[in-house]
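Student: All chains, please: the whole structure from these sequences, using the hints.
Count along the sequence shown starting at 1, add 108, and that's the number in the numbering used here.
Misleading hints may appear alongside valid ones.
[Unchecked claim] Restricting the straight-line Cα-Cα distance to at most 27 Å, the calculated cross-link-like pairs of lysine-lysine (DSSO-like) are:
| hint | residue 1 | residue 2 |
| --- | --- | --- |
| 1 | 403 | 389 |
| 2 | 157 | 313 |
| 3 | 331 | 239 |
| 4 | 313 | 186 |
| 5 | 170 | 389 |
| 6 | 331 | 201 |
| 7 | 157 | 170 |
| 8 | 267 | 302 |
| 9 | 313 | 253 |
| 10 | 157 | 303 |
| 11 | 390 | 170 |
| 12 | 253 | 177 |
[Claimed, not checked] Distance windows between CB atoms, simulated:
| hint | residue 1 | residue 2 | range |
| --- | --- | --- | --- |
| 13 | 175 | 394 | 24 to 30 Å |
| 14 | 191 | 313 | 21 to 27 Å |
| 15 | 198 | 149 | 28 to 34 Å |
| 16 | 265 | 371 | 46 to 52 Å |
| 17 | 292 | 126 | 44 to 50 Å |
| 18 | 296 | 214 | 42 to 48 Å |
FYI, nobody ran anything at the bench for these hints, they're computed from the structure.
Idealized CB from N, CA, C, for every residue including glycine.
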Amino acid sequence: MVGAGPAGLSCASTVEGRVLLLEREKTPYENISCAEWIPPFLDIPCIQKTEGMLTIYPGGEKFSPVKGKVIDRKAWQKNWLSSLKCDVHTGEKVLYVKNGRVRTDRGEYRTEWICIASGPGRAIEGLIPQKEHLSAVNMRFKLVKPLEYTIVWFTEEIKHGYAWCFPRGEMVNVGLGMRGRISSMIPRVIEFFKKMGFIKGEPIKITGGLIPQEEPHPFMEQKILFVGDAGGFTDPLTGAGILSAIDTGRLAGKLVTGSISMEDYRKELNKTYIPFIRRRKKRKEDMEEQWNYLKRTVERYWISIFPE
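Tutor: Put into structure tokens, the structure is as follows:
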């Protein structure tokens, strides 16, 4: 198992003692660039429940009663990692994967199955590289006044993406994902949410990452599986990926342990995730093509997917 994010943890806990988990970070989870929002039905401890989402865009705004939870991903993943009943190697970087062989900066392993859960933008020799991403930045601020809902802001300047403001108790996640030079937009996003009165001063922490924009690719060879962000199981429109990471990791674990067949594994992915992500990718591409008409585009392609 390559990677100790939600997908890797989910797969490893399903397989239990029959897995070696390799994580390149010596101290995992210090640089999570995520707004930390999840659907309310996921059984994960939360910092705060959210009662809806406010979408702000040129010429309008819309509140949608989309309930959810904001979690502490660092604490949740650390607890999950410590509970695993398998070998875990942190600070070990995977360099090469091929034909049941995994070479790292410490040595080489042979295995029947290889599960890649190394996140987006993987750079491992022998694997198909991901090419299409949005750049993302998440900043942690102290929350100035109460906020019971999430905020999403669309503007032409945040090309093909959006900015967010997601409360987490006394703190708040503020960030953005976009194509192009993201650093130039960070001050603009900070100023926008300062004017709304939710943050002030400088960010306590800044982290950066990537949001996959490709279609899912769960296989490379018969016994090399890709799960979570590494497999393209991320909603290209919203950037959400925690739920699909958990699900695809668990499903891969069932395949590895023989609980399901390869045929059933493919059927489940083709029924549940692959068609959904392809539809969302098409919707995102349509949004990008019509970005110059952003008011109409947001109303048609973003707001319409959320319930009244």
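Student: Hinted pair, alpha-carbon criterion (27 Å max): residue 331, residue 201. Please report holds or violated.
Tutor: Holds, at roughly 21 Å.
Student: Mind checking the alpha carbons of residue 157 and residue 170 for me, to see if they're no more than 27 Å apart?
Tutor: holds (20 Å)
Student: Need the status of pair residue 267, residue 302: alpha-carbon distance at most 27 Å?
Tutor: Judged against 27 Å, a Cα distance of about 21 Å means the pair holds.
Student: For the pair supplied as a hint, residue 331 and residue 239, is the alpha-carbon distance within the 27 Å limit?
Tutor: Cα-Cα ~23 Å, so holds.
Student: Given the hinted pair residue 313 and residue 186, is their alpha-carbon gap at most 27 Å?
Tutor: holds (19 Å)
Student: For the range 28 to 34 Å, tell me whether the beta carbons of residue 198 and residue 149 fit it or not.
Tutor: holds (31 Å)
Student: Against the 27 Å threshold, does the CA-CA distance of residue 170 and residue 389 hold or violate the hint?
Tutor: holds (23 Å)
Student: Range hint 46 to 52 Å: satisfied by the CB atoms of residue 265 and residue 371?
Tutor: The hinted range 46 to 52 Å holds for residue 265 and residue 371, with Cβ atoms some 48 Å apart.
Student: So if I understand the rule, the pair passes when the alpha-carbon distance is 27 Å or less; does residue 390 with residue 170 pass?
Tutor: Holds - the C-alpha atoms of residue 170 and residue 390 are around 23 Å apart, at most 27 Å.
Student: CA of residue 253 to CA of residue 177, is that 27 Å or under?
Tutor: Given pair residue 253, residue 177 holds - Cα atoms ~18 Å apart, limit 27 Å.
Student: Within 44 to 50 Å or not, the Cβ separation of residue 292 and residue 126?
Tutor: holds (48 Å)
Student: Given the hinted pair residue 157 and residue 303, is their Cα-Cα distance within 27 Å?
Tutor: The given pair, whose Cα atoms are some 24 Å apart, holds under the 27 Å limit.
Every hint, counting from the list given before, is met by this structure.
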